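Hints given; two lone chains; assemble the complex.
Residue numbers (our numbering), protein chains in the order written: chain F, 1 to 114; chain S, 1 to 111.
To be clear, the hints were calculated from the coordinates, so they are not data collected in a lab. Misleading hints may appear alongside valid ones.
Pairs of lysine-lysine, BS3-like flavour, derived with a Cα cap of 30 Å [to be verified]:
{"no.": "1", "chain 1": "F", "residue 1": "LYS13", "chain 2": "F", "residue 2": "LYS57"}
{"no.": "2", "chain 1": "S", "residue 1": "LYS57", "chain 2": "S", "residue 2": "LYS22"}
{"no.": "3", "chain 1": "S", "residue 1": "LYS57", "chain 2": "F", "residue 2": "LYS57"}
{"no.": "4", "chain 1": "F", "residue 1": "LYS71", "chain 2": "F", "residue 2": "LYS3"}
{"no.": "5", "chain 1": "S", "residue 1": "LYS22", "chain 2": "F", "residue 2": "LYS57"}
{"no.": "6", "chain 1": "F", "residue 1": "LYS3", "chain 2": "S", "residue 2": "LYS15"}
{"no.": "7", "chain 1": "F", "residue 1": "LYS55", "chain 2": "F", "residue 2": "LYS13"}
{"no.": "8", "chain 1": "F", "residue 1": "LYS71", "chain 2": "F", "residue 2": "LYS13"}
Some residues of chain F that are not near chain S, with every Cβ distance over 10 Å (derived) [unchecked claim]:
{"no.": "9", "residue": "TYR10"}
{"no.": "10", "residue": "GLY16"}
{"no.": "11", "residue": "PHE33"}
{"no.": "12", "residue": "ILE77"}
{"no.": "13", "residue": "GLN103"}
From a predicted model like this one, the values you see are computed outputs, not experimental measurements. All C-beta atoms in this analysis are idealised placements derived from N, C-alpha and C, irrespective of residue type, glycine included.
So the chains spell out like this:
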Amino acid sequence: DVKVTQSSRYLVKRTGEKVFLECVQDMDHENMFWYRQDPGLGLRLIYFSYDVKMKEKGDIPEGYSVSREKKERFSLILESASTNQTSMYLCASSSSLGQPPIQYFGAGTRLSVL
Amino acid sequence: AQRVTQPEKLLSVFKGAPVELKCNYSYSGSPELFWYVQYSRQRLQLLLRHISRESIKGFTADLNKGETSFHLKKPFAQEEDSAMYYCALNAGGTSYGKLTFGQGTILTVHP
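Bound-form chain S, shown alone (with noise of 0.2 Å):
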């Protein structure tokens, strides 16, 4: 069975300092991977996905096969950027889109 994990609850960083946010997954077989933000009083709503490798507002994710992690970063954080981010994992073929989510990190962007 999949699992993610992230490990941080909470994160407070400064307008303007590096961020990332941590994002570890367990499948044998070939994952796909989203990352989630669920801004104040918004839905939950698609950031990025790996297979994209895009950068969405400033961020971007790289997916390790070999440390099994998809850690979302920033380099300089803007207060907007203040939400609930979840990681996911699609564990594809027959699955219909079924995501396992991690438990989600409250990133809090101090001026």
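Same shape as in the complex, but just chain F (with noise of 0.2 Å):
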């Protein structure tokens, strides 16, 4: 089985704090992918990465950046943290190989900015 794991399942930060969300994979993965899910809002693309090193611009990437530096794990930073990036974050990979590709979630961290 394909597993995900979030570092934290929920965490609570102060307004201005930088916030680090780790996420890693253990299938080898090509692709990687940061989502806040927000009620009403549904699933909005914040960051992804489809290779090492590399990223790319989501739908809503301003307040956030992303580190690759392993295959394995996909770093979403909030360099000062606003209380409108309260939200909870989804972690996803995915295989470049097989169409269409199955994306694959970990189980989330609930931000609270205060």
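What follows is the structure, encoded as structure tokens:
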């Protein structure tokens, strides 16, 4: 079974803090994604990566950055957390082989910014 | 740009009743469409994809290119079908498997 692990289930941070959300997958997938999930808005793509050190902006990249130094790990960084970044964050991975690609999701990190 | 619309935020039915979750898309190319489901306290997971033309847990979905729809249907809903359902579209090509999701529909099946 594909395993996508997000390091924290719940996080509480203060406005202005730098926040790191970590995601690790164990299936040697090339593609990794970060979404935020908000009621009524669905899942919105923040950033994705299709290879080590490669990244592309999604639909809502403002206020976020990412890092992919190793194939299995994809980090989401909030440089200076703000209250409007309070949300559920989901990480996903998929293989470049096989079409159409299926995304496998982590359990999510619920971030509260106070 | 592609877009996925799920017009119903909430859908309630009684056990044994038919259920249809609507999904409409806009995309100029040939789309690949999916339904993902998130049960309570579980992670988001794939339910079915149009290319497989399969029935999963009694659910089916047919791609209607004329109406640009991919509605999810089940003839007899069960209480365990209560969940959040997302329709998603993959644009194919060099999109690296990037998905565009709809807003989601919360399905509640009452006993």
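Evaluation of the provided hints:
For the given pair, LYS13/F sits about 24 Å from LYS57/F by alpha-carbon distance, which is consistent with the 30 Å threshold. For a cut-off of 30 Å, the pair hint linking LYS57/S to LYS22/S stands: about 18 Å separates their Cα positions. Annotation: proposed proximity of LYS57/S to LYS57/F is violated, straight-line Cα distance about 35 Å (limit 30 Å). Our distance criterion of 30 Å between C-alpha atoms is met by LYS71/F and LYS3/F, whose separation comes to about 14 Å.
At roughly 29 Å between alpha-carbon atoms, LYS22/S and LYS57/F fall within 30 Å of each other, so this suggested pair holds. This hinted pair does not check out: LYS3/F and LYS15/S have alpha carbons roughly 33 Å apart, beyond 30 Å. Between LYS55/F and LYS13/F the alpha-carbon distance is near 26 Å, which keeps this suggested pair within the 30 Å criterion. With a C-alpha separation of about 28 Å, the suggested pair LYS71/F and LYS13/F falls inside the 30 Å cut-off, and the hint holds.
The claim that TYR10/F is not at the interface with chain S holds, since no C-beta of that chain comes within 10 Å of its own (minimum 13 Å). Every CB of chain S is more than 10 Å from the CB of GLY16/F (nearest about 30 Å), matching its label as outside the interface. Here PHE33/F does not stay apart from chain S, with its beta-carbon only about 7 Å from theirs, under the 10 Å limit. Distance check for ILE77/F against chain S: the nearest CB is about 20 Å away, which clears 10 Å, and the non-interface claim stands.
The non-interface label for GLN103/F is inconsistent with chain S: the shortest C-beta to C-beta separation is roughly 6 Å, within 10 Å.
Violated hints, listed in ascending order, are 3, 6, 11 and 13; each of the other numbered hints is respected by the structure.
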